[in-house]
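Sequences are here, hints too, so could you generate the full structure?
Each protein sequence line maps, in turn, to chains Y and E. In terms of the numbering used here, the first sequence has 318 at position 318, counting the first letter as 1, and numbering is strictly consecutive. In terms of the numbering used here, the second sequence has 350 at position 350, counting the first letter as 1, and numbering is strictly consecutive.
No wet-lab data here; the hints were simulated from the structure. Where is the CB? At the ideal position from N, CA and C, for every residue including glycine. One or more hints might be untrue.
One-sided excerpt, in silico: chain Y residues whose CB lies under 7 Å from chain E [unchecked claim]:
1. R221
2. P223
3. P224
4. L225
5. F238
6. E272
7. G274
8. N275
9. T278
10. S279
11. Q281
12. D282
13. R285
14. R334
15. I336
Chain Y side only, calculated, beta carbon under 8 Å to chain E, not exhaustive [said to hold, decoys possible]:
16. S222
17. N239
18. Y271
19. R286
20. R329
21. E332
22. L333
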Amino acid sequence: MTSLPVRLGERFGLLDHVPPGLPEGARPPRHTFRWDLDKTYLRTEFDSLRDLAKSAIETASDKQAYPGATALLRALRQDDHRICIVSGSPTQMRQVLAAKLALDGVEYDEFVLKNNLKNILRGRFRALRAQLPYKLPAMLRSRIGAAAEAETLFGDDAEADAIIYCLYADLLAGRVTLADLERVLVAARTYDDDVNRILALARDVPKADAVRRMFIHLDRRSPPLGFRRFGPRLVPVFNYFQAALVLYEDRVLSARQVIFVALEMLDSGQYEIGNLATSIQDIIRRGRVTRETALQLSAEAQEAARSGALSGRNDLPPFDEIAESFRERVRELRGIVPPVDAAEALDYVRLVDEEHEQRRSRRRRGIG
Amino acid sequence: MHRIVVDAMGGDHAPDEVVQGAAEASLALAGAEIILVGDAAVLGRLLPRLRHDGARMRVHHAPTHVEMDEKPAEALAAKPEASIAVAADLVARGEGDALVSAGNTGASVLACARRWTLLEGVRRAALAAVYPTELRRGEKDDPFSLILDVGATIDATAEDLVGFAVMGSAYAKLVSSNRRPRVALLSNGTEAGKGPASIVAAHAALVETTELNFIGNIEGLDIPRGVADVVVTSGFVGNVVLKMLEGVSETVVRLARYAHKERLTWRLGLLALSSAIDQLKTITDWQQYGGAPLLGFTHPFIKAHGRSSARAITNAVKVAHKALAGNLCGNIARTMAELDERARRRPRTADPVPPASAEDDR
Chain Y
1 MTSLPVRLGE RFGLLDHVPP GLPEGARPPR HTFRWDLDKT YLRTEFDSLR DLAKSAIETA
61 SDKQAYPGAT ALLRALRQDD HRICIVSGSP TQMRQVLAAK LALDGVEYDE FVLKNNLKNI
121 LRGRFRALRA QLPYKLPAML RSRIGAAAEA ETLFGDDAEA DAIIYCLYAD LLAGRVTLAD
181 LERVLVAART YDDDVNRILA LARDVPKADA VRRMFIHLDR RSPPLGFRRF GPRLVPVFNY
241 FQAALVLYED RVLSARQVIF VALEMLDSGQ YEIGNLATSI QDIIRRGRVT RETALQLSAE
301 AQEAARSGAL SGRNDLPPFD EIAESFRERV RELRGIVPPV DAAEALDYVR LVDEEHEQRR
361 SRRRRGIG
Chain E
1 MHRIVVDAMG GDHAPDEVVQ GAAEASLALA GAEIILVGDA AVLGRLLPRL RHDGARMRVH
61 HAPTHVEMDE KPAEALAAKP EASIAVAADL VARGEGDALV SAGNTGASVL ACARRWTLLE
121 GVRRAALAAV YPTELRRGEK DDPFSLILDV GATIDATAED LVGFAVMGSA YAKLVSSNRR
181 PRVALLSNGT EAGKGPASIV AAHAALVETT ELNFIGNIEG LDIPRGVADV VVTSGFVGNV
241 VLKMLEGVSE TVVRLARYAH KERLTWRLGL LALSSAIDQL KTITDWQQYG GAPLLGFTHP
301 FIKAHGRSSA RAITNAVKVA HKALAGNLCG NIARTMAELD ERARRRPRTA DPVPPASAED
361 DR
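Quick look at the structure:
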């Protein structure tokens, strides 16, 4: 347990929060799930100053998680699995965000927030909005403290999560060298001392092709095709039922856990069974989940339903009806062959430059 | 959740503009699901390029489609799995709630007529069209009046015309937020006795209604003025009128282009009027209106213009959603039932005394 002065220092942004890492002698985690918070877990608007202000004064109970995200996080929290949250929200919001996660029953091992006060005090105004020079070292430091066999990353399409996560994955796998990384950091307008610090972390981080999956939550409803260049491991999702389907195919989640994600989405009132069925069709059509997986899930879900996964849910139609509507959505596609994504070598410098231009363009248009 | 079926392969700019328009609509309509009917492989390639909501938009495969210049009956016979037929089928089977198409008008109407049922009390369906007028109407200052029928039914009886009036009024109330749309019969004079027998009889029936704001007969020249919000006529006359109005608009544009090229003074005059012309173009832009309905069936069908761009399709889908949310078909059925009830309760006039027969003299 950190001391009170340290906690206060972290709370007010005078000290950087350093994740505790694994206790001495502890077994390394099997799987680490890294989550962004705003627009990935929480429905946050900060496209205007007014939205920013509103977000800053919201209470924990005002904050809304995306339907299905809480059930998914809870399902991922298993033995030997680690939940690490890296958020661009300022450190001053730790209390309210931690309270929100507690309200939702979400347990985590790390929770890193951005020390923007330090950036302001040092006159580092570029760093206030920059994501790559903040998130990448946070993830590297986290892995140094507790290196898992496998990692799955969750982000959104509002900023540069897809680029940062792929860069992180390729760094760990040795596909990006330190020299490449330096060029990318310079392109991302990183301050010189931060470049050196990040390179040192990249040198020390345990290497392995550990990142199995990256999910990009389409908060802005960006066209999914724009993410194809990142390869098949990166899956843009419209909702967390789609993420759960992919994780089921990856054998990370059971059918029962997928059902719980679906139930949370139905209970939110923002989704109906038809929307979930359409979500299945969408993810199959995009080639991210196979028809066979969908059929297998249907069979296992039926078994789970029989053994009580849907007990007490008299508001739902019989499971056979639900399963049939899902199967019908798949049949609607007839025999079309989904596309196959090939991984291509990514030019991260170009990606960073493009992302920077897009952000500037959005700011000029007044949309954040 | 309202399910709006979109014929993705119908229209001059299909499927690209149709899919884009539907994708935009999926972002705007939280309470709707959009079902794109067409070649699933083609649609599957187009959708990921667009911003859309993947939980509210799906694809239903149809291997063929009816071209714009094909003869409707022949095309539907040769292509039973054409996108418009499959789309109409989905709605007929209860797997969709409304239909939108920018495709071959004749094939659309025929596909619906063969698969859907008419509302209780409605004898014939009517295809409506919108036309920009001088006067505006409703809470939204709508510049368009509604003309029906414009071709679903060639001949119309008096009962049909009354039905068209009811349907057009219900539609205008909903789409233009016009509480009391002015309904008129198109005739060759404003007097009650003018026109063919069907018009005279329809006039007599409509005058007695309280459900409709019937203002009597209007003549052709009253249409562009916007004296009526709903203009009722037979399909034959309506189709001729509509084509003539479109021809007039096109001629005006051609004349303006000619004037622009011909003389400098005319060009300067047009330049001086350019902002007014732009304003006119904006208020008469059919793309923002999004299409017009086929009325009378148990489900709404919005027929978008064949040249519809994405914006027009988005608006057509929104109009379909509005028709569902506002229970258009239910309102039409209720009004028809009320008229029917009144007609039944109306005291019958005394039967004429039969002429004396030879038998009585005996």
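Just to be careful: measuring from the Cβ of R329 (chain Y) to every Cβ in chain E, is the smallest value less than 8 Å? Result: holds, 6 Å to nearest chain E Cβ.
Status of the Q281 (chain Y) interface restraint (C-beta, 7 Å, chain E): 5 Å, holds
A closest beta-carbon separation below 7 Å is what the hint needs, so does P224 (chain Y) meet it against chain E? 4 Å, holds
Measuring from the C-beta of E272 (chain Y) to each C-beta in chain E, is the shortest one below 7 Å? Hint on E272 (chain Y): holds, closest Cβ of chain E at ~5 Å, below 7 Å.
Status of the hint placing N239 (chain Y) at chain E (closest C-beta pair under 8 Å): 6 Å, holds
Quick one, is the L225 (chain Y) hint okay against chain E at 7 Å, beta carbons? 4 Å, holds
For the restraint on P223 (chain Y), tell me whether the closest CB of chain E is nearer than 7 Å. 5 Å, holds
For the restraint on F238 (chain Y), tell me whether the closest CB of chain E is nearer than 7 Å. Result: holds, 4 Å to nearest chain E Cβ.
Is the shortest C-beta separation between D282 (chain Y) and chain E less than 7 Å? Holds - the Cβ of D282 (chain Y) comes within 7 Å of chain E, reaching about 4 Å at its closest.
Min Cβ distance, R221 (chain Y) to chain E: is it shorter than 7 Å? The hint holds - R221 (chain Y) has a Cβ within 7 Å of chain E, the shortest such distance being about 5 Å.
Would the stated hint for S279 (chain Y) survive a check requiring a Cβ distance to chain E of less than 7 Å? 5 Å, holds
Can you verify the interface hint for S222 (chain Y): is its Cβ closer than 8 Å to any Cβ in chain E? Status holds, d = 7 Å.
The structure is consistent with each of the numbered hints, conforming to all of them.
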